[in-house]
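*Asks:* Sequence:
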Amino acid sequence: MSTDSRDRTPPVDRNPAQHEPDAEDSLMKGELPRYSDVEPEIVKAVIKLDDRSMVWAHDQAASDVEAMTPFMALVMVLVFVAGAPAFLQLDYKSLDGWALKAVLLAIGFVLLPGMLVGAFFVLKLGFGRYADLHFNRRSRRIYTQEGKVAMQIQWEHVRPFAIPMIGPLPMGGLPLWSLTLIEFSAASPKTWTRQIRVQGLLPDRESCQRVWEAIRRYMDETPDRLPPVEVVRDPMHSWQGAILDFGPARAFDAVRTPDDAALGAMGRLRRRNWWPAVDPMILFWWTFFWPGPLSDILYHRFRPTAKLPADWTADENPAPGESNPYRRLPMPADVVAGRRKATWIIGLICGTCIAVGGGLSMFIFIGYLLPSLWEDWLPLFAR
Numbered sequence: 004m005s006t007d008s009r010d011r012t013p014p015v016d017r018n019p020a021q022h023e024p025d026a027e028d029s030l031m032k033g034e035l036p037r038y039s040d041v042e043p044e045i046v047k048a049v050i051k052l053d054d055r056s057m058v059w060a061h062d063q064a065a066s067d068v069e070a071m072t073p074f075m076a077l078v079m080v081l082v083f084v085a086g087a088p089a090f091l092q093l094d095y096k097s098l099d100g101w102a103l104k105a106v107l108l109a110i111g112f113v114l115l116p117g118m119l120v121g122a123f124f125v126l127k128l129g130f131g132r133y134a135d136l137h138f139n140r141r142s143r144r145i146y147t148q149e150g151k152v153a154m155q156i157q158w159e160h161v162r163p164f165a166i167p168m169i170g171p172l173p174m175g176g177l178p179l180w181s182l183t184l185i186e187f188s189a190a191s192p193k194t195w196t197r198q199i200r201v202q203g204l205l206p207d208r209e210s211c212q213r214v215w216e217a218i219r220r221y222m223d224e225t226p227d228r229l230p231p232v233e234v235v236r237d238p239m240h241s242w243q244g245a246i247l248d249f250g251p252a253r254a255f256d257a258v259r260t261p262d263d264a265a266l267g268a269m270g271r272l273r274r275r276n277w278w279p280a281v282d283p284m285i286l287f288w289w290t291f292f293w294p295g296p297l298s299d300i301l302y303h304r305f306r307p308t309a310k311l312p313a314d315w316t317a318d319e320n321p322a323p324g325e326s327n328p329y330r331r332l333p334m335p336a337d338v339v340a341g342r343r344k345a346t347w348i349i350g351l352i353c354g355t356c357i358a359v360g361g362g363l364s365m366f367i368f369i370g371y372l373l374p375s376l377w378e379d380w381l382p383l384f385a386r
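At position 212 of the sequence shown the residue is numbered 215 (this note's numbering), and the sequence of numbers has no breaks.
FYI, nobody ran anything at the bench for these hints, they're computed from the structure.
This list has only true hints and no planted wrong ones.
Under the rule of at most 35 Å between Cα atoms (straight-line distance), these lysine-lysine pairs were calculated in the DSBU-like manner:
{"no.": "1", "residue 1": "151", "residue 2": "47"}
{"no.": "2", "residue 1": "344", "residue 2": "310"}
{"no.": "3", "residue 1": "344", "residue 2": "51"}
{"no.": "4", "residue 1": "47", "residue 2": "344"}
{"no.": "5", "residue 1": "32", "residue 2": "51"}
Please model the complete structure; the sequences and the hints are all you need to start from.
*Replies:* Structure below.
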């Protein structure tokens, strides 16, 4: 998540750190030391790493609410279609009491049209655009986009903070941490201007420190100071990414501890040799609330992609023949095979649940609800 809040008081009231190894006593509440002896760690998928930029794939770009917006809009339209004929055919003269008439008029003139307006805005909400997270060594800036606004912060004015948070409900609502980079004003060191959350769902403050150390070494030090990094293909807009990285795979394997949450869906699957731990409650949920997993898959397969400003990324493309001093590791063959295996297993299980639940819903709609709606609307056309 990113916010832009110019000229605000920072979320703490102590003097800012001077970014020196011995300045921990002057750190703000939640601020991490800029320098430490921890081993660096990158927990997000890295899709680009060279002497120009390091790019982290944006994971879980859309919330469940955003992914569900097409179905939410459809429900709103159906409510309008079901309620409008009853309102239009209502005999107000036969009703007793002004209060009842006022309530029904409010429903007819406010609530029902509001369903169509709400459907439009819900759909608009669901098509937000998201970009990967770029760490640019050349321009000394970090940038991404969430929603309609592209956000960038200047490295020289960035300070790391470990922010406590509550994990998502599918992960048990565990207490977790997020690493947030906050840019402070050069003219007023107590005033923060922008912030970008670069990594959430971390089990503790030390994990935030390790992720920060990886970022700091990349931006400030020589390539040999960064350990070998696994560079993968961008999972966006692929069926495997939609099922594993962003979609239904997140519901498998119970998350009982912060360490489980920190492993992520891929880590938990990898721990089980890529076999999902099928929970009967998940099967029940996917069958009778099938729009949830279906919208999750389709949204992350076809979601719109943010296009960052060209002048921000202009210096990221290496010249022909340019050497890359970083130690990049390809995805291991067993992981490639394991991801393919998990995609098929989860895809078949989830697809079967969606087919059963969706087929039952269509049977009820076509066999019972559609004829009833037609009977309600037919008298209006016959007038």
